[in-house]
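Novice: So you can see what is in the structure, the chains are spelled out below.
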Amino acid sequence: MSELLRAEHLTRHFKIGGALSRRTLHAVDDVNFSIGDREIVALAGESGSGKSTIARLLARIYSPTSGEMYFQGQPVSALRSRSDRLRYSGLVPMVFQDPFGSMNPVFRVQHGVLRSLKLHRPELSGQQRQDEAARVFDVVGLGADMLERFPFELSGGQRQRVGFAQALAMRPKLILADEPVSMLDVSIRIGLLNLMVELRDTMGVSVLYITHDIASARYVADRLIVMYAGQIAETGPIEDVLASPRHPYTQLLVSAVPDPRAPLSVAAETDRGEPPKVIDPSPGCRFRWRCPLAIDTCAQVTPALAELEPHHQTACHVAQAQPEGAEPVQAFS
Amino acid sequence: MSEAHEILEVSGLSVDYVLDRGDVRAVDDVSFTLNRGEFLGIVGESGCGKSTLLFAVAQLLAPPARVAAGSVAFEGTNLVGLTDKQLSAIRWRDMSVVMQSAMNALNPVKSIGAQFKDAMKAHGKPSNEEIQARSAEVLRMVGIDPVHLKSYPHQLSGGMRQRSMIAMAMLFTPDLIIMDEPTSALDVVAQRSLMVQIKELQLSYGFAVIFVTHDMSLISHFSDRLMVMYAGQVDELGATRTVFDRPLHPYTQGLLEAFPSIRGPKVPLKGIPGSPPDLARLPSGCRFHPRCPLAVERCTQVAPDLYEVDQALVRCLRRQDGSLPLEAGQEGSLSR
Chain U
1 MSELLRAEHL TRHFKIGGAL SRRTLHAVDD VNFSIGDREI VALAGESGSG
51 KSTIARLLAR IYSPTSGEMY FQGQPVSALR SRSDRLRYSG LVPMVFQDPF
101 GSMNPVFRVQ HGVLRSLKLH RPELSGQQRQ DEAARVFDVV GLGADMLERF
151 PFELSGGQRQ RVGFAQALAM RPKLILADEP VSMLDVSIRI GLLNLMVELR
201 DTMGVSVLYI THDIASARYV ADRLIVMYAG QIAETGPIED VLASPRHPYT
251 QLLVSAVPDP RAPLSVAAET DRGEPPKVID PSPGCRFRWR CPLAIDTCAQ
301 VTPALAELEP HHQTACHVAQ AQPEGAEPVQ AFS
Chain Y
1001 MSEAHEILEV SGLSVDYVLD RGDVRAVDDV SFTLNRGEFL GIVGESGCGK
1051 STLLFAVAQL LAPPARVAAG SVAFEGTNLV GLTDKQLSAI RWRDMSVVMQ
1101 SAMNALNPVK SIGAQFKDAM KAHGKPSNEE IQARSAEVLR MVGIDPVHLK
1151 SYPHQLSGGM RQRSMIAMAM LFTPDLIIMD EPTSALDVVA QRSLMVQIKE
1201 LQLSYGFAVI FVTHDMSLIS HFSDRLMVMY AGQVDELGAT RTVFDRPLHP
1251 YTQGLLEAFP SIRGPKVPLK GIPGSPPDLA RLPSGCRFHP RCPLAVERCT
1301 QVAPDLYEVD QALVRCLRRQ DGSLPLEAGQ EGSLSR
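Respectively, the protein sequence lines represent chains U and Y.
Numbering-wise (my numbering), the first sequence opens with residue 1 and increments by one.
Numbering-wise (my numbering), the second sequence opens with residue 1001 and increments by one.
I should point out that these hints are in silico values taken from the structure, not numbers from a laboratory.
Ideal Cβ positions, reconstructed from N, Cα and C, are used throughout, including at glycine.
Don't take every hint at face value.
To be verified - So these bits of chain Y aren't anywhere near chain U, every CB distance computed over 12 Å: (1) 1031; (2) 1089; (3) 1128; (4) 1184.
What the hints assert, rightly or not - Okay, derived cross-link-like pairs now, DSSO-like style, lysine-lysine, Cα gap no bigger than 30 Å in a straight line: (5) Y/1121 / Y/1199; (6) Y/1085 / Y/1110; (7) Y/1199 / Y/1150; (8) Y/1117 / Y/1150; (9) Y/1150 / Y/1125; (10) U/277 / Y/1150; (11) Y/1150 / Y/1121; (12) Y/1110 / Y/1199; (13) Y/1085 / U/15; (14) U/277 / Y/1110; (15) Y/1125 / U/15.
As the list claims (entries may be wrong) - Some chain U residues judged to face chain Y by a derived CB distance under 10 Å, without partners named: (16) 125; (17) 188; (18) 191; (19) 218.
Extracted from the complex, chain U is given alone in its bound form:
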């Protein structure tokens, strides 16, 4: 699998408070990852963990405080001209979380598709644009009659499909999907998830699937990145990570997923930890306040990702200190 996009030491800080305030919020701190061709990568984490900030950095809505992103080997920060930037945003479009807020209510739903076609593929004639819009609507499972509808006439699931159609019209390589199904009803979520898999299989599109729902991530994704407080806690092939999570936060995340098929039981140990402080954080592991396994080192040294199993990396001092082949310690089960 060839590499499509790589982020190196990607960092984004936000200044907060008044003009005289020196406080900074570390939304994303020194994050490294890559996304391959024809790959669905799930980015999971709680609200405030920096997963949406990463999507916005990749979409060039924010520029990084430091670090660099490489798309098809080229540094993204080097894209200066308007045509280069347009080409990039066509290749890496974004699908937003809220299907109700991301469409202009006074225009027909084809408006967005036609406009982005005009902008990103100026070589097409008016009729070709119409044909192309009908084609992408067909790909996402909407009839051509939908083109003429207004957003209020569509259900949430249909609107999210329009979002994907809009992204597809630009012939993308990588779709940034920021919680695309979290506002949809359970019964129609699966349809969208299946669509993402289909786009990968038939059109070779990669997807960065941002979610806090680990179960849906497992359903679609090839690889999983777990974020905590702006840093990557654990990453690897999704089946491996979920089968043997090594980071205590991943273990907590996996244990919290409600599973109606599991036998009836109410877990005894529950985590009541509060969100981490990401404003001017001190060195050390950011999960240590919630971690039952924390040792002295955790308060002094920020753990780095290390490969504990093939392709499966974990940023945890306790897991890394374990002798090879030992049964992984369980913080939450």
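With chain U fixed as given, assemble chain Y onto it according to the hints.
Specialist: Quick look at chain Y alone, frame taken from chain U:
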């Protein structure tokens, strides 16, 4: 509180939205009972009438919505038709409501403590010491340090805000707490811990809970009984475990098959095709038939009643009298 008895009996409840283009029935002939200390889960898609039903039970409906028929008997009193004054004696003291979004339900310019005080002063004349003591006590019950009585809503995390809403609902230790998707704004970890906490509080203080959610998996381990709603009607009502182990209605079956699992083999899922009907233009016959994989010709003509099957209720013609087979394909199901 020794023997289980009903504290709430909803019978034949229908709610209409009175609109210019005609009335739309959002809740259609819903009946159920709730025993003291019971946890009832209500699930359904957006627009199925579950929130309207809650509002009708709590008598919080505002125009254009109105109760068209039926009654809500709470501890023997029919709430439908009571005046606001009569209702306010019951509200919060005997029955309280936790809304979906704590950020909108809490007053942003008042501290948590001041809001607790308001609620307590609305029902009697407690002294400042009593207010202080009780407020601190309920906050401690939900695992929040009482110093936060001085905090404003924006100073609390999402999970803490929801927990302080629950604390507020427990000020008078009511007999019934109605919860409208209290966890939907939280991530899975916070969601899980809040659910466990609600269950623990319920077990220790014995109040009954009506819990509305669109996420069936969330309440699978917490509710005693489960009611599935579709297009304003009850589709299935039974013991939670029974519904999960042996769903009778094709809609319930579809909902259960719509969850990817985190364990076990990965299986392709289908979800439920189509979308819920427009309540102003309901399909003929069974309201679910356009999306139902098992629908036959008769489903398009005959509206099913609720049929009793092994102590559960289900609204499906296949369960009526055994005249239709329970599996698809045996009787020329509608091709689609």
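Novice: Evaluate each hint against the coordinates.
Specialist: Hints and how they fare:
Every CB of chain U lies more than 12 Å from the CB of residue 1031 of chain Y, the least distance being 25 Å, so the non-interface label holds. Every Cβ of chain U is farther than 12 Å from the Cβ of residue 1089 of chain Y; the closest lies at roughly 35 Å, confirming the non-interface assignment. With 12 Å as the threshold on Cβ separation, the claim that residue 1128 of chain Y sits away from chain U holds: the shortest Cβ distance comes to roughly 30 Å. The non-interface label for residue 1184 of chain Y is inconsistent with chain U: the shortest C-beta to C-beta separation is roughly 10 Å, within 12 Å.
Restraint check for residue 1121 of chain Y and residue 1199 of chain Y: the C-alpha separation of about 28 Å stays at or below 30 Å, so the hint holds. For the hint linking residue 1085 of chain Y to residue 1110 of chain Y, the alpha-carbon distance of about 25 Å falls within 30 Å, and the restraint holds. For the given pair, residue 1199 of chain Y sits about 27 Å from residue 1150 of chain Y by alpha-carbon distance, which is consistent with the 30 Å threshold. Simply put, residue 1117 of chain Y and residue 1150 of chain Y have alpha-carbon atoms about 12 Å apart, close enough for the 30 Å limit, and the pair holds.
As the CA atoms of residue 1150 of chain Y and residue 1125 of chain Y are separated by approximately 21 Å, the hinted pair is consistent with the 30 Å bound. At most 30 Å may separate the alpha-carbon atoms for a hinted pair to count; residue 277 of chain U and residue 1150 of chain Y meet this at roughly 21 Å. For the hint pairing residue 1150 of chain Y with residue 1121 of chain Y, the CA-to-CA distance comes to about 18 Å; that is within 30 Å, so the pair holds. Proposed proximity of residue 1110 of chain Y and residue 1199 of chain Y is supported: the alpha carbons are some 29 Å apart, at most 30 Å.
Among the hinted pairs, residue 1085 of chain Y with residue 15 of chain U is inconsistent with the structure: their alpha-carbon atoms are about 51 Å apart, more than 30 Å. For the suggested pair residue 277 of chain U and residue 1110 of chain Y, the alpha carbons sit about 25 Å apart, so the restraint of at most 30 Å is met. Taking the CA atoms of residue 1125 of chain Y and residue 15 of chain U, the gap is about 47 Å. The hint is violated against a cut of 30 Å. At about 35 Å, the closest approach between the beta carbon of residue 125 of chain U and any beta carbon in chain Y exceeds 10 Å, and the interface hint on this residue is violated.
Taken as an interface hint, residue 188 of chain U checks out: its beta carbon lies about 6 Å from the nearest beta carbon of chain Y, inside 10 Å. Against a cut-off of 10 Å between C-beta atoms, the interface hint on residue 191 of chain U holds, since the closest Cβ of chain Y lies about 5 Å away. Proximity of residue 218 of chain U to chain Y holds as hinted, the smallest CB-CB distance being about 6 Å (cut-off 10 Å).
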